[in-house]
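Undergrad: For the record, the sequence lines run as chains A and B. First residue of the first sequence: 1, per my numbering; consecutive thereafter. First residue of the second sequence: 1, per my numbering; consecutive thereafter.
Do not rely on the hints blindly, as some may be mistaken.
[Claimed, not checked] Listed below are several chain A residues computed to face chain B (Cβ distance under 7 angstroms; list not exhaustive):
id	residue
1	43
2	110
3	127
[Unchecked claim] What follows is a list of derived Cβ distance ranges for each label pair:
id	chain 1	residue 1	chain 2	residue 2	range
4	A	93	B	246	32 to 40 angstroms
5	A	18	B	81	32 to 40 angstroms
6	A	184	B	214	45 to 53 angstroms
7	B	81	A	209	56 to 64 angstroms
8	B	351	A	18	53 to 61 angstroms
9	B	86	A	131	36 to 44 angstroms
No wet-lab data here; the hints were simulated from the structure. In this text, a Cβ means the ideal position worked out from N, Cα and C, and glycines have one as well.
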Amino acid sequence: MISVSNLSPATALPLDQLLTRADLWRGATPIAVSPAPTCGTGFASLDAQLPGGGWPRGQITEVLAAEGGAGGRGGGAGELSLLTPALARITQAVGKLVVIFPLQCPWRMHAPAWAGAGVATGAMLLVRPQNLRDMLWAAVQSARCPGVGAVLCWLDARVPVNSLRRLQVAAGEGGGCLFVVRPAACRTIPSPAPLRLAVQAQGPELLIELIKRRGLPAGLPLRLRTRSFFTGQEEVDALVRADTGTARPAALIGA
Amino acid sequence: MLWCVLTPAPPDPQRSSAPDTPASPSVPIVPIAPEVGGWPALACWAGNYTSQVSLELAVPALSFEISGSLRLFGGQGALLARIREELPVTPQPLNLAVAPVARGALWLARAGDQRVYEDLSGMRAALCQVPLSVLPWPLSVQERLRGFGFRRLGDLIDLPRAALATRIGRPRVLDLARALGELADPLPWFQFPQRFVQSLELPAPVNSAPALLFAARRLVSALTGWLAVRMASASVLHWQIAHGRGQPPTCLPLHFSEPVHTPARIERVLKEALDRLPLPAPALELWLTVAQVQAQDARTQTLFAGGAGASAETGLAELIDRLHARLGVAAVSALACQADHRPERASVEGPLTDKGAGVIPYPQVGAGNTAIARPLCLFDTPVALAEHQGRPWRGGALQLLAGPERIESGWWDGDDAVRDYFIAQDRQRCWLWVFRSGGSAPRWFLHGLFS
Chain A
1 MISVSNLSPA
11 TALPLDQLLT
21 RADLWRGATP
31 IAVSPAPTCG
41 TGFASLDAQL
51 PGGGWPRGQI
61 TEVLAAEGGA
71 GGRGGGAGEL
81 SLLTPALARI
91 TQAVGKLVVI
101 FPLQCPWRMH
111 APAWAGAGVA
121 TGAMLLVRPQ
131 NLRDMLWAAV
141 QSARCPGVGA
151 VLCWLDARVP
161 VNSLRRLQVA
171 AGEGGGCLFV
181 VRPAACRTIP
191 SPAPLRLAVQ
201 AQGPELLIEL
211 IKRRGLPAGL
221 PLRLRTRSFF
231 TGQEEVDALV
241 RADTGTARPA
251 ALIGA
Chain B
1 MLWCVLTPAP
11 PDPQRSSAPD
21 TPASPSVPIV
31 PIAPEVGGWP
41 ALACWAGNYT
51 SQVSLELAVP
61 ALSFEISGSL
71 RLFGGQGALL
81 ARIREELPVT
91 PQPLNLAVAP
101 VARGALWLAR
111 AGDQRVYEDL
121 SGMRAALCQV
131 PLSVLPWPLS
141 VQERLRGFGF
151 RRLGDLIDLP
161 RAALATRIGR
171 PRVLDLARAL
181 GELADPLPWF
191 QFPQRFVQSL
201 ELPAPVNSAP
211 ALLFAARRLV
221 SALTGWLAVR
231 MASASVLHWQ
241 IAHGRGQPPT
251 CLPLHFSEPV
261 HTPARIERVL
271 KEALDRLPLP
281 APALELWLTV
291 AQVQAQDART
301 QTLFAGGAGA
311 SAETGLAELI
321 DRLHARLGVA
331 AVSALACQAD
341 HRPERASVEG
351 PLTDKGAGVI
361 PYPQVGAGNT
371 AIARPLCLFD
381 TPVALAEHQG
391 RPWRGGALQL
401 LAGPERIESG
411 WWDGDDAVRD
421 YFIAQDRQRC
431 WLWVFRSGGS
441 APRWFLHGLF
451 S
């Protein structure tokens, strides 16, 4: 709060100094100035939309993604490709990356893909608890640990709000980034996370909608090209169409 | 020299001998039996502060010399405060006295004087006030001194020693001279055992494992003292919980990712392990055995407070230990690439190495090569997909975005793979990695998620 006495001519601060204050709200500023440290996302257009210009450290970032065979949990919509540039930067520095996903998940982390995205796989710690309680416990312990730079955790819609709040406190103690991936259905459930995004793949692009952020609500969804490997749509269609006649891949004939 | 002496308060002989006191004459007053099993553990605990420890079981008393440790622990006040705080809770309360002479400190402790005396003159003045009844002398000698009309040690100190010796015996006079610091008083040093095997009998049967933590703390503090004296650290602790009545004991081995020697780290991991330990029967006794120790890695202390690197490293090792203790060793793993073209073999999850997040030494394939499209999540077993009009089907026809990429490998080890990989998008707009297997009847499979 700025008291009236601060604005009296005798003690008036230069306007530039006033505007940098974190507790000053300006109607025209699109996003809040975040006093908390952040970690750049690696995408300039996304950084411009986030308070502090990056993923918040010491706070939960909730990523809502469509479910792609993960059994009720989000995942598969390209949400990790959104996070990998930041994770790569964290793991290449001193911080460890703790990845917490349920034991029942039919998939596991694929090392060459992580290494290809620049993440140091040696700095990754995979934790696969059996139940939700252990998952939350592991997430809290990891988030609180000072040696951990980032925690990535898959949670489903059943997580109580209290547990998320506890996670948020733990993240504040540890000071690392805490990314929570949840299914898109959690959108309507209130969450204590200060930053929430919904992620959806659309063709070769990723559609990112900022559901919640500090400051003014965001406008239109962002389009990011997080994956660079897509060839032209027509080429693939042509290839497959050519195959259907022979009922086996053309390239396999010689094998 | 500065000696700390721990001893239980002696039974009050005034009360036991005086017939006129109403203190329950029907109940025979038993001298408090020295809890022999607990004293070696207590001596090990003293190793936390000094290596000069002497244990006298006959009295019983534990003496340890701390003048050499004052600087390490930040001064006398800080060290004594720490000793008092960390003193294990014992069934009978212990008196702690501090004086320049071990025997003098013992007598002060038996008299219940818990002040700190740094010089001989101060201790001598305090000893003058000690009642004769607390001295560990035979009852006949005590009676005789009482007959002389002596009540306090001050009455004896200035008497001619030769004459006193003819009346109460030469050993007592030598005792007196040693207590006052006039004669040297060599004490037998406590021999720290080669292997750490300590037990603790629980005062009452304990039904739930988490409740054992409090009792286990005594053994942990003994262990850390023993480790400190040997300049060692342990990475495996074997706990045994005895149940009696012919029941086999419950074993609880604790594995640490790096050798430990501090009580806080041991206790935190022990707590997680005890929380998920079922007890088949009430616990009666607790055993702690350490089979192997390693030398402590001598780490220079940082000049400035808050060495961030070291604290982060130990914090991480502790996190891994606690995850192991609660979730099991198999639930925590490291990730590494392996040189194989078959995707299911290109990634290995393995146990962590000693240094925490371990790296399995193997050539890194595809590192930095973003041209190769690999999904971040790979299915354990490929999911078979239906085919409609030559297109894979998963809740709708899949839209193929990129491909094919031919992977053909493994003909030499019997696990032959001939596959054409495509990147596809399903109706929920998830990026999938699908392949069409070769062979006589090609089929579509879902193998990964481009999360």
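Undergrad: For each hint, tell me whether it holds in the structure or not.
TA: Hint check results:
1. 43: With a closest approach of 15 angstroms, the residue 43(A) hint is violated.
2. 110: With Cβ-Cβ at 4 angstroms, under 7 angstroms, it holds.
3. 127: Since chain B brings a Cβ to about 5 angstroms from residue 127(A), closer than 7 angstroms, the hint holds.
4. 93(A) / 246(B): 32 to 40 angstroms: For residue 93(A) and residue 246(B) the Cβ distance comes to about 58 angstroms; the hint is violated.
5. 18(A) / 81(B): 32 to 40 angstroms: Check failed, 49 angstroms falls outside 32 to 40 angstroms.
6. 184(A) / 214(B): 45 to 53 angstroms: 47 angstroms, holds
7. 81(B) / 209(A): 56 to 64 angstroms: 58 angstroms, holds
8. 351(B) / 18(A): 53 to 61 angstroms: 56 angstroms, holds
9. 86(B) / 131(A): 36 to 44 angstroms: Holds - the Cβ-Cβ distance for residue 86(B) and residue 131(A), about 37 angstroms, lies within 36 to 44 angstroms.
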